[in-house]
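Assemble chain B onto chain A, guided by the hints.
Below are the chains, spelled out letter by letter.
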Amino acid sequence: MSGLPLLSLAIWLPVIGGLLVLATGADRNAGLARPLALAVAVAGFLVTLPLYAGFDTQTSAMQFVEMRDWIPRFNIHYHLGVDGISVLFILLNSFITPLVVLAGWKVIEDKVAQYMAAFLVMSGIMNGIFAALDAVLFYVFFEVSLIPMYIIIGAWGGPNRVYAAFKFFLYTLLGSLLMLIALIYLFFQSGFSFSLLDWHELKITLTAQTWLFLAFLVAFAVKVPMWPVHTWLPDAHVEAPTGGSVVLAAIMLKLGAYGFLRFSLPIAPDASRELAWLMIALSLIAVVYIGFVALVQTDMKKLIAYSSISHMGFVTLGFFIFNPLGVEGALVQMISHGFVSGAMFLCVGVLYDRMHSRQIADYGGVVNTMPKFAAFFMLFAMANAGLPATSGFVGEFMVILGAVKYNFWIGFAAATTLILGAAYTLWMVKRVVFGAVASPHVAELSDIDAREFAILGALALSVMAMGLYPFPFTEVMHASVDNLLRHVAVPKL
Amino acid sequence: MSEMHPLALYVPLAPLAGALVAGFFGRAIGRAGAHWVTSLGVAVSLLLSWFIFQDVDGGKIYNAAVYTWASSGGISFQVGFLIDKLTVTMMLVVNFVSLMVHIYTIGYMAHDEDNWPADSLAGRNSYQRFFAYISLFTFSMLMLVMSNNFLQLFFGWEAVGLVSYLLIGFWSNRPTAIYANLKAFLVNRVGDFGFLLGIGLIAAYCGSLSYSDVFALSQKLASTHIELIPGSPWLLVSVVCICLFIGAMGKSAQFPLHVWLPDSMEGPTPISALIHAATMVTAGIFMVSRMSPLFELSDAALSFVIVIGAITAFFMALIAIVQTDIKRVVAYSTLSQLGYMTTALGASAYSAAMFHLATHAFFKAVLFLGAGSVIIAMHHEQDMRRMGGLRKYMPITYLTVLIGALANAGFPPFAGFFSKDSIIEAVHHSTTAGAGFAYALILAGVFVGGFYSFRLVFFAFHGKERFREPSHDAHGHDAHGHDAPHGHHGPVTPHESPWVVTVPLILLAIPSVIAGWAMIGPALFGNYFGGAIFIAPEHPAIAKMAADFHGAMGMVLHGLMTLPFWLALAGAATAWYLYIVRPDLPAVIKDKSGVLARILEEKYGFDRFNDWFFAGGARLLGRGLWKGGDQTLIDGLVVNGSAKVVGWIASIVRLFQSGYIYQYAFSMIIGVFVLLTLWMNRA
Chain A
877 MSGLPLLSLA IWLPVIGGLL VLATGADRNA GLARPLALAV AVAGFLVTLP LYAGFDTQTS
937 AMQFVEMRDW IPRFNIHYHL GVDGISVLFI LLNSFITPLV VLAGWKVIED KVAQYMAAFL
997 VMSGIMNGIF AALDAVLFYV FFEVSLIPMY IIIGAWGGPN RVYAAFKFFL YTLLGSLLML
1057 IALIYLFFQS GFSFSLLDWH ELKITLTAQT WLFLAFLVAF AVKVPMWPVH TWLPDAHVEA
1117 PTGGSVVLAA IMLKLGAYGF LRFSLPIAPD ASRELAWLMI ALSLIAVVYI GFVALVQTDM
1177 KKLIAYSSIS HMGFVTLGFF IFNPLGVEGA LVQMISHGFV SGAMFLCVGV LYDRMHSRQI
1237 ADYGGVVNTM PKFAAFFMLF AMANAGLPAT SGFVGEFMVI LGAVKYNFWI GFAAATTLIL
1297 GAAYTLWMVK RVVFGAVASP HVAELSDIDA REFAILGALA LSVMAMGLYP FPFTEVMHAS
1357 VDNLLRHVAV PKL
Chain B
38 MSEMHPLALY VPLAPLAGAL VAGFFGRAIG RAGAHWVTSL GVAVSLLLSW FIFQDVDGGK
98 IYNAAVYTWA SSGGISFQVG FLIDKLTVTM MLVVNFVSLM VHIYTIGYMA HDEDNWPADS
158 LAGRNSYQRF FAYISLFTFS MLMLVMSNNF LQLFFGWEAV GLVSYLLIGF WSNRPTAIYA
218 NLKAFLVNRV GDFGFLLGIG LIAAYCGSLS YSDVFALSQK LASTHIELIP GSPWLLVSVV
278 CICLFIGAMG KSAQFPLHVW LPDSMEGPTP ISALIHAATM VTAGIFMVSR MSPLFELSDA
338 ALSFVIVIGA ITAFFMALIA IVQTDIKRVV AYSTLSQLGY MTTALGASAY SAAMFHLATH
398 AFFKAVLFLG AGSVIIAMHH EQDMRRMGGL RKYMPITYLT VLIGALANAG FPPFAGFFSK
458 DSIIEAVHHS TTAGAGFAYA LILAGVFVGG FYSFRLVFFA FHGKERFREP SHDAHGHDAH
518 GHDAPHGHHG PVTPHESPWV VTVPLILLAI PSVIAGWAMI GPALFGNYFG GAIFIAPEHP
578 AIAKMAADFH GAMGMVLHGL MTLPFWLALA GAATAWYLYI VRPDLPAVIK DKSGVLARIL
638 EEKYGFDRFN DWFFAGGARL LGRGLWKGGD QTLIDGLVVN GSAKVVGWIA SIVRLFQSGY
698 IYQYAFSMII GVFVLLTLWM NRA
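Those protein sequences? They're chains A and B, same order as listed. Following the working numbering, the numbering of the first sequence begins with 877 at its first residue and continues without gaps. Following the working numbering, the numbering of the second sequence begins with 38 at its first residue and continues without gaps.
In isolation and in its complexed conformation, chain A is listed as follows:
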């Protein structure tokens, strides 16, 4: 590809812009930090648009490739590129960032520059994760992405933020240590290469594949998160500020799932097939078990956090049934979940900013005082429950179709989300939005302002557009997913 190094721009523009924002310094300059951060975030989104516009849907090869030496001694390269699996996540990430900046516009009054900078830097780093084709580069980005989130929770979080931040950090760090060992093993096996594309072609014995698979599993399962390593997520969400929850749910959870597609499946395809039963079982537990747990939550953020875990169960399920409907459905579900869970957390943020409570029991009858907000909340709740014509339906539908094809009973178990997802989401809506005005506090609520309307409106449009016309999304994936599945089907012992 000629022209601008688009992927580098997507990574470094927000990072450098973030550092500039940081340089505005103390809160007396917050009036400068905010618009600057928004400008950087919007620019960061704009530079990713050519990635979609110029994307060739006919090939499964990496596109927009950039390749430079980084540490020649260890054959480590600054190697970037995207295919149909990764490109959409860079777009999603860059789309969410301006919304997050806007969401923190008024609420964050303490350490504004640092707050904005953390999100911008994190956005760039996560683009790096999706674009990296060199394992060391990937690993560095993957690990470093923890730090801004750790700070966001630790510095702007709720009363229990230290426990939550620590739990978050510990869980994810322990997981990735095993990945590091796996990467070093592969480095030696491949004759000193850190190129992911080389590793995809590497012949490995089933035993070694199994160990590799398990090492990656621990790292990625924590991130997704899969049952039973999911308990950090509800705590992290509850303590995180709204923006942190949005990025965590919308983007960070996707890193683990992306790892399965970039590492586990292509590097250890035989082990993936051997252990598919385990992955399917864990995924279905996430869908069903977590669905029931979500039902009884009394804290809105916890409820949505559990709902996220359940929805991510659909993603991992889709990956390991090895058919195009499943994998593409899972990818669609990841994008949609980015919109929907992000929007749900923003909605809770809107309420929290006014009432300083996330307890469902403190609300009731919100529609009487915030009808515009209630309409948005209803839409996102329906998307969360997988209603057709919203993005939430598309992925679930495709994965369920793929699952029924794979095995009727697996489809059966997965489809219970139709009932469970509707139950926990709409029961919350009933208690929060509907009913008579529950307290004097609710009676005094003011409806969303123009800024909040713009944020929720952008997400609402995305949710509806993707639900009504997901074709542009699935179209991008075909070549890469087909190639991946062909690759996985061939033994490489």
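Simulated from the structure, these hints should not be mistaken for lab results. Even for Gly, the Cβ is constructed at its ideal location relative to N, Cα and C. Check before you lean on any hint, since a few could be wrong.
SDA-like cross-link-like pairs, simulated, lysine to any residue; straight-line CA separation at most 25 Å [unchecked claim]:
{"#": "1", "chain 1": "A", "residue 1": "K1248", "chain 2": "B", "residue 2": "Y216"}
{"#": "2", "chain 1": "B", "residue 1": "K681", "chain 2": "A", "residue 2": "N1036"}
{"#": "3", "chain 1": "B", "residue 1": "K429", "chain 2": "B", "residue 2": "E533"}
{"#": "4", "chain 1": "B", "residue 1": "K664", "chain 2": "A", "residue 2": "F1045"}
{"#": "5", "chain 1": "B", "residue 1": "K664", "chain 2": "A", "residue 2": "D1175"}
{"#": "6", "chain 1": "A", "residue 1": "K1248", "chain 2": "B", "residue 2": "T213"}
{"#": "7", "chain 1": "A", "residue 1": "K1248", "chain 2": "B", "residue 2": "P212"}
{"#": "8", "chain 1": "B", "residue 1": "K97", "chain 2": "B", "residue 2": "V81"}
{"#": "9", "chain 1": "B", "residue 1": "K681", "chain 2": "A", "residue 2": "L1046"}
{"#": "10", "chain 1": "B", "residue 1": "K681", "chain 2": "A", "residue 2": "E1019"}
{"#": "11", "chain 1": "A", "residue 1": "K1248", "chain 2": "B", "residue 2": "L57"}
{"#": "12", "chain 1": "B", "residue 1": "K664", "chain 2": "A", "residue 2": "S1233"}
{"#": "13", "chain 1": "B", "residue 1": "K257", "chain 2": "A", "residue 2": "Y1282"}
{"#": "14", "chain 1": "B", "residue 1": "K664", "chain 2": "A", "residue 2": "Y1039"}
{"#": "15", "chain 1": "B", "residue 1": "K681", "chain 2": "A", "residue 2": "G1034"}
{"#": "16", "chain 1": "B", "residue 1": "K664", "chain 2": "A", "residue 2": "G907"}
{"#": "17", "chain 1": "B", "residue 1": "K664", "chain 2": "A", "residue 2": "A1289"}
{"#": "18", "chain 1": "B", "residue 1": "K257", "chain 2": "B", "residue 2": "I279"}
{"#": "19", "chain 1": "B", "residue 1": "K681", "chain 2": "A", "residue 2": "A1289"}
{"#": "20", "chain 1": "A", "residue 1": "K1248", "chain 2": "B", "residue 2": "G70"}
{"#": "21", "chain 1": "B", "residue 1": "K664", "chain 2": "A", "residue 2": "A1237"}
{"#": "22", "chain 1": "B", "residue 1": "K664", "chain 2": "A", "residue 2": "K1248"}
{"#": "23", "chain 1": "A", "residue 1": "K1248", "chain 2": "A", "residue 2": "Q1235"}
{"#": "24", "chain 1": "A", "residue 1": "K1248", "chain 2": "B", "residue 2": "N162"}
If you want the footprint, here are the derived chain A segments under chain B, 3+ residues with CB under 8 Å [as the list claims (entries may be wrong)]:
{"#": "25", "stretch": "1159 to 1170"}
{"#": "26", "stretch": "1192 to 1201"}
{"#": "27", "stretch": "1231 to 1244"}
{"#": "28", "stretch": "1258 to 1272"}
{"#": "29", "stretch": "1279 to 1293"}
{"#": "30", "stretch": "1297 to 1305"}
Chain B only, in chain A's frame:
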């Protein structure tokens, strides 16, 4: 074949446009603007449907895609329209009833602000919102019936469910309304769960979701076996059809998924007529008729259908006889009539089911809208024990409701007679296993139907005027919001409703009288539906009936000598005796019948059981998994256990740390890059 009717797209889009305008610009265009724009949208849609009907009646079938929604795994998911006789019939019925309901709503919701607390912002434009919703419903229902594939069918299926949810809970300040709408949505989701699995099986084995592709492969489905339980192979087509029918059981409120429909009466009465009587609840009937090429290949599925239908037809009718809320009587009557339609499907008499669907849409809309008219006149009183003698005060409502009741009970020559009698006759001739059982139940149901229909008429419109008596029991359901002023509780003198209410009643009463007479010949025996409905040669019910059919007049004369007529008459006579001649008797009978009355009043205990077992059980399980699994096992034992170890290490490391974590964590990010590069490149 693959041709798009030039007007087809505008049929659903016209009501959608109305809904969007009224929904988003409701405040700007005002109340009159909202009801005009939405009514106009539906009127345009009705007119276009009529033009399309002319073309389809000329023998044409339109089947074409509008756009490709998505593609994956070799399946192209499309949005498209199939317009044949079956579709166009539904389009006309839906649009006609919808237009009547739009007009009626102008009167019914005229004082809706009384139903909201004075300071509620949601109450400010509730009138406009209501019109937006019913037009959105019309759009969704049209998308459902016009679909040429399973994906869009499911779209419409869930979309009508959504609007139904929004409308049942329209008066969202009432606890009963928001309980009912959640219940309706979840019970429907149980049905959709089965429906989606059926669609999944179709996609897996046919590789397409387009009706025409799937029907072309129906023989393959009928010759494939799958072993859902190892060792017991099932015909694939049976599994598919039963899964699809579970969807129909949710939407069309068939036993045991019927429980949501009576509660849905919490919604404003116009939508009870439109959604929960005339159109949405018949989506299941329409769907099974549409799928006749599949259902015909599965005797197991047909038996399942006929038994479920007959149980619904009879046992739900029984509950109607103990209800005192005027809307709930009509609601249970709707359940029973839906059961009749389902029974007809099981007997392979799809055209009879569709015929009853159409006539029922008219006469049940009349009954609901008539009940609504009474409710307005009674200042939102729904309890029939506080009515009586209303016929003097509201003659038009009385006459139209009487026509509705006559049709509902199946008296010749009203519309319901032709359609219901056809169903009974078809089941009589049916060879489906379970048809004998079904025949007995639906015959008995005719007596019950005659009874509850005329119990309503006599109880509400005849006899003593009880509305002047002082109130001593709880207020009716269709009542004001909690904070609304309750000013008018004294004796009321009911009066006839305004013309926007009575004109739709009259316009719907006309087809309730003549539709059966006019339509039975072509609809049932004249091959009206053409290729849209497929009946296997080994299911002869309709063919046998056709041989016996000698015109509508002949059917009426013959009908007077058959058992169903006398059963209905006996039912009506019993109602007359109990509610006109000896109004003291019902209470005595109720006391004497003890357990039996209790069972009916408890609606066989379904609500109680579901609340206890499903709602309670799910919460119990969720709490168990959360506290026991997540908190105790995973967090308590594993995570915090390791955290303690780490915490101990950290307490040592902490000596090296201090100050502002965010500051030097940022330097960590940069540091990692710099150090890696420098250190590793130093050689």
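For each hint, the structure was consulted:
1. A/K1248 <-> B/Y216: Judged against 25 Å, a Cα distance of about 22 Å means the pair holds.
2. B/K681 <-> A/N1036: With a Cα-Cα distance of about 17 Å, the restraint between B/K681 and A/N1036 holds, given a limit of 25 Å.
3. B/K429 <-> B/E533: Roughly 9 Å between the alpha carbons, so the hint for B/K429 and B/E533 holds.
4. B/K664 <-> A/F1045: holds, 23 Å
5. B/K664 <-> A/D1175: At roughly 15 Å apart (the allowed maximum being 25 Å), A/D1175 and B/K664 satisfy the hint.
6. A/K1248 <-> B/T213: holds, 24 Å
7. A/K1248 <-> B/P212: holds, 21 Å
8. B/K97 <-> B/V81: At roughly 22 Å apart (the allowed maximum being 25 Å), B/V81 and B/K97 satisfy the hint.
9. B/K681 <-> A/L1046: holds, 12 Å
10. B/K681 <-> A/E1019: holds, 23 Å
11. A/K1248 <-> B/L57: holds, 15 Å
12. B/K664 <-> A/S1233: With a Cα-Cα distance of about 22 Å, the restraint between B/K664 and A/S1233 holds, given a limit of 25 Å.
13. B/K257 <-> A/Y1282: Distance ~19 Å between B/K257 and A/Y1282 Cα, so the pair holds.
14. B/K664 <-> A/Y1039: Holds, at roughly 19 Å.
15. B/K681 <-> A/G1034: Given that 25 Å is the threshold and the Cα spacing comes to 22 Å, the pair holds.
16. B/K664 <-> A/G907: violated, 46 Å
17. B/K664 <-> A/A1289: holds, 23 Å
18. B/K257 <-> B/I279: Between B/K257 and B/I279 the Cα gap is close to 17 Å, so the pair holds against 25 Å.
19. B/K681 <-> A/A1289: Roughly 37 Å between the alpha carbons, so the hint for B/K681 and A/A1289 is violated.
20. A/K1248 <-> B/G70: holds, 21 Å
21. B/K664 <-> A/A1237: With a Cα-Cα distance of about 19 Å, the restraint between B/K664 and A/A1237 holds, given a limit of 25 Å.
22. B/K664 <-> A/K1248: Distance of about 36 Å is beyond 25 Å: violated.
23. A/K1248 <-> A/Q1235: Distance ~21 Å between A/K1248 and A/Q1235 Cα, so the pair holds.
24. A/K1248 <-> B/N162: Holds. A/K1248 to B/N162 sits at ~12 Å (cutoff 25 Å).
25. 1159 to 1170: holds (count 4)
26. 1192 to 1201: holds (count 3)
27. 1231 to 1244: Since 3 is at least three, the answer is holds.
28. 1258 to 1272: holds (count 6)
29. 1279 to 1293: holds (count 9)
30. 1297 to 1305: holds (count 4)
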